[in-house]
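Student: Next come the chains, spelled out residue by residue.
There are 2 protein chains.
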Amino acid sequence: MNDSASVAWRALIQAALHRNRSDPGARYIQLATVDPQGHPRNRTVVFRGFLGNSERILMAVDSRSEKIHHIAHRPQAQICWYFCKTREQFRIAGTLETIAADHPDPQALKQRLQLWQQISEKGRLLWFWPEPKAPLAPSEAFVQELSPEQAILPPDTFVALLLDPMEVDHLQLKGDQVYPQLRTLYERCKSGWQQRQVNP
Amino acid sequence: MNDSASVAWRALIQAALHRNRSDPGARYIQLATVDPQGHPRNRTVVFRGFLGNSERILMAVDSRSEKIHHIAHRPQAQICWYFCKTREQFRIAGTLETIAADHPDPQALKQRLQLWQQISEKGRLLWFWPEPKAPLAPSEAFVQELSPEQAILPPDTFVALLLDPMEVDHLQLKGDQVYPQLRTLYERCKSGWQQRQVNP
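Taken in sequence, the protein lines are chains A and B.
Using our numbering, read the first sequence as starting at 1 and increasing by one per residue.
Using our numbering, read the second sequence as starting at 1 and increasing by one per residue.
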């Protein structure tokens with residue numbers, strides 16, 4: 001029952017990804033964190049899959065981005081993920097963990113390397129670009145092609161980001177024959193995952 | 001120069017809304033706030049336009065929703081708004097203000113009434129439904145039609161929400177002939193709005 005609730009929400013996300021596969025934005029998620037001033041910060045990132053068979057969500061970030069500092073200060077996050085075609089929303093709250101180039105665990109470093117290699121070549125360019133949010137650099141600084149070595153090994157700016165979910169709120173705007181909308185909460189407690197139906 | 005920077009970002013949003021008008025999700029935005037525990041909260045809401053000729057952003061919420069309590073505690077928010085078709089993102093940070101049924105200012109109450117009347121009839125139903133996030137009520141409790149009186153006058157559960165922007169971060173993933181991506185920051189200071197180009 002508890003484990004099946006975790007499998008349930010993960011399977012629902014995988015089904016949503018499949019049913020919305022024609023939408024290029026289906027893998028774009030909004031990641032909210034809190035900055036050191038206590039203000040909310042929100043940005044779009046790419047969903048890079050679940051880590052192995054776990055329920056942990058993979059993302060890729062730049063070590064020079066502001067969110068790295070925010071996360072170091074407060075690791076709590078909530079992802080908001082809206083699927084346009086199937087009209088459903090997942091809100092996934094949990095704790096973030098980063099895997100940077102200097103991570104002490106070889107297994108984590110291997111995961112970071114695998115994540116790097118699964119990103120498109122065009123996508124990998126960004127980690128070689130000038131510092132995000134600094135005054136605009138000359139256009140030549142924005143490399144448009146990687147050397148074979150760069151393509152294989154991630155630069156120090158590349159950081160794998162993992163969200164460990166504690167709560168998932170699934171809202172279906174389409175509903176069923178009985179209810180005009182459906183909403184299910186999945187909550188992780190000591191004994192495992194619990195799920196319950198609530199009002200939308 | 002200062003005022004024109006405000007006009008600039010607002011005009012860019014209006015242009016994006018127009019260019020993405022074929023996308024039913026183009027008016028869906030992700031609103032991040034902070035809850036009393038200091039954790040980020042993030043959910044999809046509908047953009048209901050700018051208030052008159054101002055730069056304030058209108059949304060509609062339920063007085064019984066958790067976000068009302070979060071906002072009362074911490075009014076800071078950041079909207080993340082990604083347009084799929086034109087591949088651009090606006091991140092709009094500012095302060096939220098609510099206009100509930102008991103607001104003392106008649107002008108604000110008029111704005112609340114106007115907002116109610118601009119929402120589709122199907123959309124208005126939600127404010128008559130049972131308490132959000134409470135255990136699932138019997139399906140009969142989810143009214144599917146409004147009386148003529150209900151359709152005209154907003155119930156006490158209806159709250160207009162206004163974001164007063166302080167900072168707008170505009171990222172264009174498409175770029176131009178010179179730069180592969182473009183990013184512009186608009187910041188409100190005492191003398192007005194300032195804009196500057198930064199690295200994406």
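Each hint should be verified, as a subset may be incorrect.
Pairs count within a copy or across copies, as identical chains cannot be separated in the list.
As the list claims (entries may be wrong) - Simulated crosslink set (DSBU-like; lysine-lysine; CA at most 30 Å straight-line):
no. : residue 1 : residue 2
1   : Lys190    : Lys85
2   : Lys85     : Lys174
3   : Lys190    : Lys133
4   : Lys85     : Lys122
5   : Lys133    : Lys85
6   : Lys174    : Lys122
7   : Lys110    : Lys122
For the record, the hints were derived by calculation from the structure and aren't laboratory data.
Because the structure is a prediction, the values reported are computed rather than measured.
Student: If a hint holds in the structure, say so; if it doesn't, say that too.
Tutor: Quick rundown of the hints versus the structure:
1. Lys190 to Lys85: neither (35 Å within a copy, 43 Å between copies)
2. Lys85 to Lys174: both (10 Å within a copy, 24 Å between copies)
3. Lys190 to Lys133: This pair counts as between: shortest inter-copy Cα distance 22 Å, intra-copy 41 Å.
4. Lys85 to Lys122: both (27 Å within a copy, 19 Å between copies)
5. Lys133 to Lys85: between (33 Å within a copy, 24 Å between copies)
6. Lys174 to Lys122: between (36 Å within a copy, 13 Å between copies)
7. Lys110 to Lys122: This pair counts as within: shortest intra-copy Cα distance 22 Å, inter-copy 51 Å.
When each numbered hint is compared with the structure, a violation occurs for hint 1 only.
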